[in-house]
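Trainee: Order-wise, the sequence lines are chains A and B. Note that this note's numbering gives residue 287 to position 304 of the first sequence, counting from 1, and the numbers run on in steps of one. Note that this note's numbering gives residue 233 to position 250 of the second sequence, counting from 1, and the numbers run on in steps of one.
There could be a bad hint or two in this list.
Intra- or inter-copy, both count: the list cannot distinguish identical chains.
Once the Cα atoms are required to be at most 30 Å apart in a straight line, the calculated DSSO-like pairs of lysine-lysine come out as [said to hold, decoys possible]: (1) Lys125 to Lys47; (2) Lys246 to Lys174; (3) Lys125 to Lys174; (4) Lys87 to Lys189; (5) Lys58 to Lys47; (6) Lys18 to Lys127; (7) Lys81 to Lys125; (8) Lys47 to Lys151.
These aren't lab readings, by the way, just hints derived from the structure by calculation. These numbers were taken from a predicted model, which means no experiment stands behind them.
Number of protein chains: 2
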Amino acid sequence: MENWDLIIIGAGPAGLAAGIYGTRSGLETLVLDEKIAGGTAADAPIIQNYLGFSSILGLELAQKMADHAKNAGVKIREFEEATQIDLKPKTMIVRSSKTIYETKTIIIATGGQYRQLGVPGETHFRGRGVSYCGLCDGPLFKGKQLLVVGGGNSALITALYLADIASKVKIAHRKDAFRGEEALIRTLKEKQNIETLLNTEVKEIKGDRLVNSVVLFNNATGETRETLIDGVFVQVGEDPNSRLAKEAGVAVDEDGYIVVDVKQRTNVNGVFAAGDVTNHPVKQVGTAVGQGTTAATEAYGYVRRPYYKQ
Amino acid sequence: MENWDLIIIGAGPAGLAAGIYGTRSGLETLVLDEKIAGGTAADAPIIQNYLGFSSILGLELAQKMADHAKNAGVKIREFEEATQIDLKPKTMIVRSSKTIYETKTIIIATGGQYRQLGVPGETHFRGRGVSYCGLCDGPLFKGKQLLVVGGGNSALITALYLADIASKVKIAHRKDAFRGEEALIRTLKEKQNIETLLNTEVKEIKGDRLVNSVVLFNNATGETRETLIDGVFVQVGEDPNSRLAKEAGVAVDEDGYIVVDVKQRTNVNGVFAAGDVTNHPVKQVGTAVGQGTTAATEAYGYVRRPYYKQ
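The shape of chain A in the complex, shown without the other chains (with noise of 0.2 Å):
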């Protein structure tokens, strides 16, 4: 069994960050990620809002993230899954796909996806006009035509947002009346440039190089048509990577997100979360850093300042 101050779960930027402070600290750290370091990051096409690349392909920015924290002297181990946390009151037992860890303190960054709508072209355009986050990808397509999925107050938000941005916005939900919150589906009919399709379905995202057109299906009338689109924004929900966390006894809000206080701390003693995993209310590159450097120097206060153990 191998013994560590701190182990990091998840080498997404928010764990990453995590690791380099936890390391400068002088914490004997290790970073574990069942995938390669970088986290959802490198999915995005190009980012242009983590501040000080002013646009940067989300797969280069993983990079050299990933590239710092090595240089940092942070001990990562890819591929390795953490599938089991067994928080004792002293030490803490992590078990991955390779061996067993003792640690003092754990920081779970293990973020999150987004749940996808299963037609065909949403995974080949992925990055090629098909995105999940608004905030991250709307400001690309400025004075364009897009379609919102989803009947959510992520879908709504997102919806309202992007109007704000592109010249036209629809937004299509499959029942018969959005489940979001009043106020904001009122603010939505106000807008001039929102168009709402309920009782709708994308069967089908179509295009050449990027996306152009989605295939729509009305269950209400049965009727099927082909729309022209620039851009879809699939809003059907999130799923946080929280069961480790979750079967531990680390407490989750009705989403799944980790429940969070703004040092990063969670229900148990001890135990930090930082990242798309946690429940702040803003899951961007640059929060996920802020995140991570905060609940690393303060895993360090817990380890190395015994009045923190209160």
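Go by the hints and put chain B onto chain A.
Mentor: The following block gives chain B in isolation, referenced to the frame of chain A:
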């Protein structure tokens, strides 16, 4: 009188990140700074812990951040000081050294400044052995001998943090007892490589190209001596630049930091704050960027989604 949707006061990392998100979301966004854009990040000799940049001069990072914001179309007015804020229920007024603005929402990102000792050599050797931030610069002094100056919690925490990195840490306080928390003082005393110097005042910081000694005066015995040292960490307090906010009725804590919640909201509806001026527990470039991102995202919601105003 000019009209804007969002006015951001301060063009450091928090203000610039907020400027990018505000502008990209379609809000008419203006950033004001009494100095040049970039903030106190520019004062750091070298920055090795902002994810994505393995090692960069503070000045260069500040420049990259300012360039990024300008490339993103953010309107920044440098050398224009915000002198007064008037927070009326519906529209807010910002008076500057040049004109008067009306705006729908405000983000305060005015930063803070470290208190200085005011002794010979301090300014000259700033960034060349004199530092005001252990978390920022500590790792540059691996295996070195350091002096921490101060007697409160931040001095004690800095000494403990540096003791894990440096070979030896002395902590000098001018009074006959530390004023930090008991638990911290106890931990400090247990630490083998920390030496406490009470009744001790720093009279001068000396060196060649870099710091190599300090002149210490014992105010109990009257003795003056010079001791070799590689670095001096001054921890005698910080002054957040919160006067403007405070005068306008924005709540600050006992140390003058603006009190914010996880959405960067202050006690005043429509007024947000981000970065070193806030009471967030960690003050780093990464946390400032994260907070600026959150503040602008929430400010956008405040302007565009009426239900936020409740």
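Trainee: Can you name, in rising order, the numbers of the hints this structure does not satisfy?
Mentor: 4, 6, 7, 8
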